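There are 2 protein chains.
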Amino acid sequence: MNLALLFPADLTAENRAQLSGRRARHWHEVTGAQVGDNVPVGLLNGPIGCGRVLAITSQSVDLELEFSGTAPEPLPLTLILALPRPKMLRRVLQTVAAMGVKKIVLLNSYKVEKSFWQTPWLKPEAIREQLILGLEQARDTLMPDVILEPRFKPFVEDRLAALAGTSRRLVAHPGTSDPCPQAIQEPVTLCIGPEGGFIPYEVEKLVDQGFRSVHLGSRILRVENAVPVLLGRLFDSCSF
Amino acid sequence: MNLALLFPADLTAENRAQLSGRRARHWHEVTGAQVGDNVPVGLLNGPIGCGRVLAITSQSVDLELEFSGTAPEPLPLTLILALPRPKMLRRVLQTVAAMGVKKIVLLNSYKVEKSFWQTPWLKPEAIREQLILGLEQARDTLMPDVILEPRFKPFVEDRLAALAGTSRRLVAHPGTSDPCPQAIQEPVTLCIGPEGGFIPYEVEKLVDQGFRSVHLGSRILRVENAVPVLLGRLFDSCSF
Chain V
124 MNLALLFPAD LTAENRAQLS GRRARHWHEV TGAQVGDNVP VGLLNGPIGC GRVLAITSQS
184 VDLELEFSGT APEPLPLTLI LALPRPKMLR RVLQTVAAMG VKKIVLLNSY KVEKSFWQTP
244 WLKPEAIREQ LILGLEQARD TLMPDVILEP RFKPFVEDRL AALAGTSRRL VAHPGTSDPC
304 PQAIQEPVTL CIGPEGGFIP YEVEKLVDQG FRSVHLGSRI LRVENAVPVL LGRLFDSCSF
Chain L
124 MNLALLFPAD LTAENRAQLS GRRARHWHEV TGAQVGDNVP VGLLNGPIGC GRVLAITSQS
184 VDLELEFSGT APEPLPLTLI LALPRPKMLR RVLQTVAAMG VKKIVLLNSY KVEKSFWQTP
244 WLKPEAIREQ LILGLEQARD TLMPDVILEP RFKPFVEDRL AALAGTSRRL VAHPGTSDPC
304 PQAIQEPVTL CIGPEGGFIP YEVEKLVDQG FRSVHLGSRI LRVENAVPVL LGRLFDSCSF
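Residue numbers (the working numbering), protein chains in the order written: chain V, 124 to 363; chain L, 124 to 363.
A couple of the hints might just be wrong.
Which copy? The list can't say, so a pair holds if one copy fits it or any two copies do.
[Stated by the list, open to error] List of simulated lysine to aspartate or glutamate pairs, EDC-like, C-alpha gap at most 20 Å:
(1) K225 to E196
(2) K246 to D281
(3) K210 to E196
(4) K225 to E309
If you're looking for bench data, these hints aren't it; they were derived computationally from the structure.
For clarity, every value in this text was computed on a predicted model and none was experimentally measured.
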């Protein structure tokens, strides 16, 4: 936790907050913060700064807040991800939140196992928990928007064009002929398939919507690695 | 498992192998392979190809082998990584093996917890197990070399120069002024610090050895994400 994200309910006065639970335990037990220390904080969808510890126990921390900076720039990316298996979903949500993705669509695909849609990790509060961990890792405050699309065809035919707008449309697809472009300067909508990839019908539907197939070379990477490789390649490092 | 790595002990004749354990269970239970099916295989440090199933149970698989291709090109990278915490170590070893890194140094650093060096996951057979999983993911056969360096100063002063040779020397260090270069065409030796980063003394020692500090932007990424982002940025996608 490189920053604690503060929510409206944490604020006890204009420049005061009281935190409990995981965040209090982290500072009390992991960092050993003491009264008078400054700890890094950020206000949900707002500025970042520091909190001076006024009181601290393993149950709660009282802070005097001073905001002095802004969250890092969002990545100009809409990420459409075939729903990964639950264990990987949690890590991928943390990763993309840490890397500054602000719009994430979790999409069905032929090779997504039906049971993945039943996981409790898809409940809004569970998704939010992983996103918070990612934001705290990267010292960001802007909560990403996650949309669940459990049906491929109506999403691609009816909603994808409006979502992608004028952005560059790419689908990561191993075995295609074009390598993934590097350091591009425009917004991107990027689709990433499931383990085993999108089936040809799905790639065709995406190509019909103006998506270009690109690859990362001959190695097959797990989605948890393919996502940071693709994002690291597509965007200039100043975007991170 | 996108390919099963075969070891000399698996070979029962020139073009025959019998596999047991995890690999047999995978094909029998996960893929449901049957007699006559072809499954992807690779020979340790050798060619890739396929194996025709001659007999299969949950305990063992007999294969008739035919090799027809070569493993993907190695990445021209020596990766020097401050020893991550054990849970992350396992994932990072799989990731770097999957991405084609063939020389990995696990290095001590001031902020590496002493206890990390005691983990059973650093035993040669445990390291090898994670590397095999990474190779199988990426359909590679060339086993990486992992070197443990539990003392920072003698490694950097006495052995690093010979290890880095004429390669480009980079150290990933958040907060430095130069962004990480992109799509470079030469061999690289890359150092990545621990959670919390290298301390200034360590960065100075690396700079003394010709390493240039580069950053990935203002976001602080976990090492499991920083590694694929750095590798995706440094090397052309045809290298993967």
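Here is what the structure says about each hint:
Proximity of K225 to E196 under the C-alpha cut-off of 20 Å is restricted to the intra-copy arrangement: shortest distance 10 Å within a copy versus 35 Å between copies. Taking identical chains as interchangeable, the C-alpha atoms of K246 and D281 are never at most 20 Å apart, the minima being 25 Å within one chain and 53 Å between chains. Taking the shortest alpha-carbon separations for K210 and E196, neither the intra-copy value of 28 Å nor the inter-copy value of 30 Å comes in at or below 20 Å. For the homomeric pair K225 and E309, the shortest alpha-carbon distance inside one copy (15 Å) is at most 20 Å, but the shortest distance between copies (35 Å) is not.
Hint check: violations occur at hints 2, 3; the rest are consistent with the structure.
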